[in-house]
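Asks: Protein chains in written order, with the working numbering: chain A, 204 to 359; chain B, 315 to 1107; chain C, 89 to 352.
It is worth saying that the hints were derived from the structure and are not from the lab.
Do not take every clue at face value.
Unchecked claim - Okay, derived cross-link-like pairs now, PhoX-like style, lysine-lysine, Cα gap no bigger than 20 angstroms in a straight line:
1. B:Lys492 - B:Lys325
2. B:Lys626 - B:Lys372
3. B:Lys902 - B:Lys885
4. C:Lys317 - B:Lys1105
5. B:Lys372 - B:Lys502
6. C:Lys258 - C:Lys300
7. B:Lys734 - B:Lys948
8. B:Lys734 - A:Lys348
9. B:Lys1101 - C:Lys317
Claimed, not checked - Covered stretches of chain A, going by a simulated chain B footprint (3 or more residues, C-beta under 8 angstroms):
10. 215–223
11. 253–266
12. 271–280
13. 298–308
14. 311–321
15. 329–339
For glycine and all other residues, C-beta sits at the position ideal for the given N, C-alpha and C.
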Amino acid sequence: MASTVTMTVNGKSVTGAVEARTLLVHFLRETLGLTGTHVGCDTSQCGACVVHVDGKSVKSCTILAVQCAGADVMTIEGLAKDGTLHPMQEAFRDNHGLQCGFCTPGMVMSAVDLAKHNPAPSEQEVREWLEGNLCRCTGYHNIVKSVIAGAKAMQG
Amino acid sequence: MTDTGIGASVKRREDFRFLTGRGTYTDDINRPGQLHAWIVRSPHAHAKIVKLDTAAAKSAPGVVAVFVGADMAADQVGGLPCGWLIHSRDGTPMVEPPHPPLVTDRVRHVGDQVALIVAETRQQARDAAELLDIVYEELPAVVSMTDAIAPGATQIWEQAARNTCYDWEFGDRAGVEKAFREAHHIAKLDLVNNRLVPNAMEPRAAIGDFDRATGEYTLYTTSQNPHVIRLLMGAFVLHIPESRLRVVAPDVGGGFGSKIYHYAEEAIVTWAAGKLAKPIKWTAERSESFMSDAHGRDHVTTVELALDKDGKFLALREHTLANMGAYLSTFSTCIPTILHATLLAGVYTTPVIYAEVRAVFTNTVPVDAYRGAGRPEATYLLERIVDVAADETGIDPAEIRRRNFIPTNAFPYQTPVALKYDSGDYFTTLDMSLKAADYAGFEKRRAEAARRGKYRGIGIATYIEACGIAPSQVVGALGGRAGLYESAEVRVHPTGSVTVFTGAHSHGQGHETTFAQLVSEMLQIPMDSIEIVHGDTNKVAFGMGTYGSRSLAVGGMAIMKAVEKVVNKGKKIAAHLLEASEADIEYKDGKFQVAGTDKSKAFGEIALTAYVPHNYPMETLEPGLDETAFYDPKNFTFPSGAHICEVEIDPDTGVTRIVNFVASDDFGRIINPMIVEGQVHGGLGQGIGQALLEGCVYDPKSGQILTGSYMDYCMPRADDLPSFNVATHNVPSTDNALGVKGCGEAGAIGAPAAVMNAVVDALSALGVKHVEMPATPQRVWQIIHDKRTAKAA
Amino acid sequence: MYNFEYHKPTSVADAAALLAKADDAKLMAGGMTLLPTLKQRLAQPSDVIDLGGIAGLAGIRKEGNALVVGAMTTHAAVAHSAEVKATIPALAHLAGMIGDPQVRHRGTIGGSIANNDPAADYPGALVALGATVTTNKRTIAADQFFTGLFETALDAGEIVQSVSFPVPEKAAYTKFRNPASRYAIVGSFVAKGPSGVRVAITGAGPTVFRWKEAEAALAGSFTPAAVEKLTAPSSGLNSDIHASAEYRAHLVGVMTKRAVAAAG
């Protein structure tokens, strides 16, 4: 029942064998070795697996790899260019928006998506946007600060 | 202070890899030829296994092996050990039932490990699990502790009458009884400390590996203390000598206590890797985490406080039932006893204290330390009963606390419950919080909220905790089966760069930064030339790991000792090179200098000399510059603080909103304020979660977990929590040379009582005296509804 | 997840043909309920038919005095649509409150209503606004569409194509979320429109229902005060660890009052 799927991941065309039931997150982690995208739950709630598909943040644990045939996927590994942190990544570092780092890739990918259509989010808007991203370390205080700062920095 | 030294908010060095997706968590590791494991778990809380046929599963596609408990038993695999022996009041040792990694004949909680399927892919292993032919004969499940200790209750363990593990007492019973007889007022409260599921965001995972050529086993695991796992698994379970067992705990995605313990899955994959001579990976699904990670808290308590006419505390008495779950997890037995009852003095001068703690087996997941471990439970009961006493005596909650604080000039202070506090200033932290929270202006805000139809309340919690766990001899005298020192090795390389090997483990705490700051400050060399290594038993000589806010107070002190040894040896080398007396050499600004002269040798020159010892005092000194130190603390450390929470309750829905949260803490000396604040925030998030959102609920009859996923277990989200107002007033510890105390658990210890005192205060106009945690909308609405209905009737 | 055959047809007719041919096929729209269900191994379909390849199923357009939303229109698209915000802002508001941002990027109106989760939001909007569901076979009035717990009037082989909402005079949606899952414990959609005043309640019962008593009261006076004293009966309502039937009944009143206030 295996087939192959081709998609663009972080700007490069990739092809791999998948089963129909293979989730995008497993294709990324196991077939492509992109282990920055994490799995923290099995009910599509924690958001550790958030990536961008065709420019929008989605939970890669709740989309099949085959559904992404031809899609443009960006993971946390594709965000920093040439070793320079993306402004949102930089903001998380500057504001101590991460501790254990496990939720961080999903958190950053979600935050980048927010900032793309809301360049100056309020604290409340950030907190509401992050409904689908759980963090157990930070109490969210510094994540919220990071997202606000990162969104601002993204405007250049 | 330099810009990277002690006291500087240096940005974390570990962040780059985490932010770019280049961390290496256990599940990110794949070994060549790796197979995948699925653990078949009990669907029942209590049952006999009457049939277990593996034939169909073994022949499923991709399946390499199926193992059951009998296979492990045939290999003489031992049980998971418990690390702390508690004796009952009658002198008998606790009941310590067997804890095999895979059960053989009976399951005792939903999620108990029944079989292991090993297959080429994870999906194949899981597919095959459904072909396992298991027949269970269900037994009555014992779920609540009060049911468990009732006469005639089903016994989970034959050897544990009335399902009791131990019946422990502590303190001065006669003295307390006398004080209660003579008291002006007695406050009494029954309360529950709700069961929590730790929920580190990274689910547990383990990869067992075996090299047939060398006979060496390797376990990659999500652990807070790889050496402890090596010791427990090697010595007690699999009988593998340390020399042939390597345990690696790479990047670990949060622990909060839940990754301290030696878990069955670690032993299962390591043993099976040996049987098959193949690497085997197991990664928990979140739903498995809910039924296999050790849970936290779960106490049912009665507490009483005796007061004199001026509101001075005369005596405290506690009776607690503490849930152990179905088996004893590694440190389960010391949490409600040694780490709990010894904290009952809190920040107060209460002269006599008595505690009775009965540990109870139930058909639930084992319970062990979770952020704070025994101390949040102590703080919660103490700070709730103090508020009840304040309410009943009409003394303001801030004032009654002040009247009973240990005076600032009374340190070191010997409490009646064994501990000797190092230092503190409870008045100042309380004053800071009162001011930051505008306590004086609260009644105006309450009135304004009332005009909008809302109940507003304010709550104080002043807490103490014992960190820097722990002096080994004290631990040993109290039944601990381990030493709780820490080790460090400071290896200076020939060019003057430094690698520090620490037995502490970082799973979010930022040790790679903080420890490098410490060494940079001591050696006055750039942070960039210092690397911190942890988490691998093949690299780090030994270690006891990270829990109980011990990393800096114990692990940091070991590093300091090792650095001192390096400096002392460097002085000898410098004395030789500079033709001076060793006593005249001082180490300053990165240079070994003859005091009072301009003659000096830089740190790097001394390092090079140690490794290229052409001009060297060879007869009295070995070449090389690599020092190891073990540090055993002489005492615990005692961080303290005052937390104030202000809430507003919507009576229409029962929703409690936190409108302000202030924390003023004393953590002793601080290395990196940014990281410390982050630790406080995280602890507060978990403490508020316990108070308002989280609670593990079992079906009282079937023993099924009703909150077995994020659909039903309420994890704090960003919009559930406020921004926090945190500050510190640091009184250095007098019991370690760094003056540090520890900050990891403070938030989780102080917050629950502060929040619940605020909730009760908000509802006090309705005559509410207590609200159980979590104060969910439903619970709060029901209380308001019942009170209003009763009033109307 | 059990394995299955995956199909991505490019027309509704092809999808219907695949559905007819397979043993036990499931249609997948956004997959926001189906995939979590499959991950938990709670279902084992032989085939999954992904509707994501069919052109023309997504989109929002005004048709006379109605707003027509294509079945594959995502919640995010509805929430951000200028057309929806201008004509039925309550619908945009509702769509913006479903799940989390990532769910809203994938989840669709067609998938939501075909699944008819008792805690879903859209059924309330359809019933309160008197919407009509168009399938590949017929049109179905919202009042007849939602038949029970996870049950709808859809026949085997029937595929939702769009939903047509008559534009109301006033409408608002208020919900009380389950603190853990964030699904609706109680949602109240209140509308005053061509078919009078309607109050549709989701989350509280096995499926969406109209609170007739409140509708009658609001028909007289469309004000929060009109429903202030009403309490919905708790019999037949859902009850779980998060909310008893009694609490839900109470919240039906509170959410309805707030929805009326929000509708203005």
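Asks: Indicate, hint by hint, whether the structure satisfies it.
Replies: Taking the hints in turn, this is what the structure says about them:
{"no.": "1", "hint": "B:Lys492 - B:Lys325", "in the structure": "violated, 56 angstroms"}
{"no.": "2", "hint": "B:Lys626 - B:Lys372", "in the structure": "violated, 69 angstroms"}
{"no.": "3", "hint": "B:Lys902 - B:Lys885", "in the structure": "holds, 11 angstroms"}
{"no.": "4", "hint": "C:Lys317 - B:Lys1105", "in the structure": "holds, 18 angstroms"}
{"no.": "5", "hint": "B:Lys372 - B:Lys502", "in the structure": "violated, 59 angstroms"}
{"no.": "6", "hint": "C:Lys258 - C:Lys300", "in the structure": "holds, 18 angstroms"}
{"no.": "7", "hint": "B:Lys734 - B:Lys948", "in the structure": "holds, 11 angstroms"}
{"no.": "8", "hint": "B:Lys734 - A:Lys348", "in the structure": "violated, 40 angstroms"}
{"no.": "9", "hint": "B:Lys1101 - C:Lys317", "in the structure": "holds, 19 angstroms"}
{"no.": "10", "hint": "215–223", "in the structure": "violated (count 1)"}
{"no.": "11", "hint": "253–266", "in the structure": "violated (count 0)"}
{"no.": "12", "hint": "271–280", "in the structure": "holds (count 3)"}
{"no.": "13", "hint": "298–308", "in the structure": "holds (count 9)"}
{"no.": "14", "hint": "311–321", "in the structure": "violated (count 1)"}
{"no.": "15", "hint": "329–339", "in the structure": "holds (count 9)"}
Comparing the model with each earlier hint shows violations of hints 1, 2, 5, 8, 10, 11 and 14; every other hint is respected.
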